[in-house]
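From first to last, the protein sequence lines are chains A and B. For reference, each letter of the first sequence is one residue, going 220 to 332 in our numbering. For reference, each letter of the second sequence is one residue, going 491 to 605 in our numbering.
Don't read these hints as lab results, they were simulated from the structure. Each hint should be verified, as a subset may be incorrect.
[Said to hold, decoys possible] Dumping the calculated DSBU-like pairs for lysine-lysine here, alpha-carbon to alpha-carbon at most 35 Å: (1) A:277 - A:287; (2) A:290 - B:530; (3) B:531 - A:287; (4) A:287 - B:530; (5) A:276 - B:531; (6) B:526 - A:256; (7) B:508 - A:261; (8) A:276 - B:530; (9) A:241 - A:276; (10) B:509 - A:276; (11) A:290 - B:531; (12) B:509 - B:526; (13) A:277 - B:531; (14) B:512 - B:531; (15) A:241 - B:530; (16) A:287 - A:241; (17) A:261 - B:526; (18) B:530 - B:508; (19) A:256 - A:290; (20) B:526 - A:290; (21) A:261 - B:531; (22) B:526 - A:287; (23) A:256 - B:530; (24) A:287 - A:256; (25) B:512 - A:261; (26) A:241 - B:526; (27) A:290 - A:276; (28) A:261 - B:509; (29) A:261 - A:290; (30) A:256 - B:509; (31) B:508 - A:256; (32) A:277 - B:526; (33) B:530 - A:277; (34) A:261 - B:530; (35) A:261 - A:241; (36) A:256 - B:512; (37) A:287 - A:276; (38) B:531 - A:241; (39) A:256 - B:531.
What follows is each chain in one-letter form.
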Amino acid sequence: GENVEQHPSTLSVQEGDSAVIKCTYSDSASNYFPWYKQELGKRPQLIIDIRSNVGEKKDQRIAVTLNKTAKHFSLHITETQPEDSAVYFCAASQRTGRRALTFGSGTRLQVQP
Amino acid sequence: ETGVTQTPRHLVMGMTNKKSLKCEQHLGHNAMYWYKQSAKKPLELMFVYSLEERVENNSVPSRFSPECPNSSHLFLHLHTLQPEDSALYLCASSQEASSGANVLTFGAGSRLTVL
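Kindly generate the complete structure, drawing on both the sequences and the hints.
In structure tokens:
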């Protein structure tokens with residue numbers, strides 16, 4: 220089955236700096252790669268996603284890149300703010316067969332004011 | 491009520507108890523999920539129901555028994571649990587798309603403590 224590895228497990232940055240979180244996946248049939256943000260004590264929520272037919276997607280200060288050949292994808296947050304502090308999870312799923320999301324182990328991002 | 495609601499939010503039970511977790515979605519979605527979130531293995535998929543049919547059972551011990559009576563409701567029946575089963579149990583729903591873009595909406599979770 221699919222295996223998603225996520226790094227780093229913790230990340231601390233200064234407010235205004237950029238943060239990058241990386242994930243790799245094992246199943247070449249995976250074609251959908253979302254990122255979820257979970258603030259302390261709250262439920263995970265989708266912040267951005269990318270499909271395998273594109274290499275990059277941006278939404279204001281966040282962007283995701285995908286390298287299908289290398290089977291890795293990354294989340295980039297620019298001009299970080301304290302409210303970006305949370306746990307971020309990457310995930311992967313397939314269009315057919317096993318459609319349920321397989322999540323990475325999470326990255327705890329701390330933005331220092 | 492909107493979104494995905496879970497009850498109870500907190501549950502403490504002994505190893506010999508029988509209890510159930512309930513999840514209800516008000517989004518008209520056709521798939522529902524149980525995930526286990528613990529410090530050791532965050533967001534671990536347990537069960538998937540698509541159109542009320544269980545399509546995935548991710549090697550979960552039989553002391554966890556899911557039930558999906560209709561597309562809006564999902565239960566997780568708990569019986570003779572172990573202390574290591576203590577975790578946050580998250581329910582989620584989605585509208586499965588042929589494109590595979592499966593956007594999950596999570597509930598707030600049920601925090602389970604097994605004594």
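Here is what the structure says about each hint:
1. A:277 - A:287: This hinted pair holds, its Cα atoms lying about 18 Å apart.
2. A:290 - B:530: Given that 35 Å is the threshold and the Cα spacing comes to 25 Å, the pair holds.
3. B:531 - A:287: Holds - the C-alpha atoms of residue 287 of chain A and residue 531 of chain B are around 26 Å apart, at most 35 Å.
4. A:287 - B:530: 29 Å, holds
5. A:276 - B:531: With a Cα-Cα distance of about 28 Å, the restraint between residue 276 of chain A and residue 531 of chain B holds, given a limit of 35 Å.
6. B:526 - A:256: 16 Å, holds
7. B:508 - A:261: 27 Å, holds
8. A:276 - B:530: Satisfied, since the Cα-Cα distance of roughly 31 Å is no more than 35 Å.
9. A:241 - A:276: 15 Å, holds
10. B:509 - A:276: Not satisfied, since the Cα-Cα distance of roughly 44 Å exceeds 35 Å.
11. A:290 - B:531: Satisfied, since the Cα-Cα distance of roughly 22 Å is no more than 35 Å.
12. B:509 - B:526: 16 Å, holds
13. A:277 - B:531: Distance ~29 Å between residue 277 of chain A and residue 531 of chain B Cα, so the pair holds.
14. B:512 - B:531: It holds: about 22 Å lies between the C-alpha atoms, which stays within 35 Å.
15. A:241 - B:530: The given pair, whose Cα atoms are some 20 Å apart, holds under the 35 Å limit.
16. A:287 - A:241: Satisfied, since the Cα-Cα distance of roughly 14 Å is no more than 35 Å.
17. A:261 - B:526: 15 Å, holds
18. B:530 - B:508: 25 Å, holds
19. A:256 - A:290: Distance ~22 Å between residue 256 of chain A and residue 290 of chain A Cα, so the pair holds.
20. B:526 - A:290: 26 Å, holds
21. A:261 - B:531: Given pair residue 261 of chain A, residue 531 of chain B holds - Cα atoms ~18 Å apart, limit 35 Å.
22. B:526 - A:287: The given pair, whose Cα atoms are some 29 Å apart, holds under the 35 Å limit.
23. A:256 - B:530: Roughly 18 Å between the alpha carbons, so the hint for residue 256 of chain A and residue 530 of chain B holds.
24. A:287 - A:256: 23 Å, holds
25. B:512 - A:261: Measuring from Cα to Cα gives roughly 18 Å; hence the hint holds.
26. A:241 - B:526: Distance ~23 Å between residue 241 of chain A and residue 526 of chain B Cα, so the pair holds.
27. A:290 - A:276: 16 Å, holds
28. A:261 - B:509: 24 Å, holds
29. A:261 - A:290: Within the cut-off at roughly 30 Å; holds.
30. A:256 - B:509: The hint holds at about 30 Å.
31. B:508 - A:256: At roughly 33 Å apart (the allowed maximum being 35 Å), residue 256 of chain A and residue 508 of chain B satisfy the hint.
32. A:277 - B:526: This hinted pair holds, its Cα atoms lying about 30 Å apart.
33. B:530 - A:277: 32 Å, holds
34. A:261 - B:530: Cα-Cα ~18 Å, so holds.
35. A:261 - A:241: Within the cut-off at roughly 23 Å; holds.
36. A:256 - B:512: 24 Å, holds
37. A:287 - A:276: 14 Å, holds
38. B:531 - A:241: It holds: about 18 Å lies between the C-alpha atoms, which stays within 35 Å.
39. A:256 - B:531: With Cα atoms ~16 Å apart, residue 256 of chain A and residue 531 of chain B stay inside 35 Å; holds.
Consistency note: the structure conflicts with earlier hint 10 alone.
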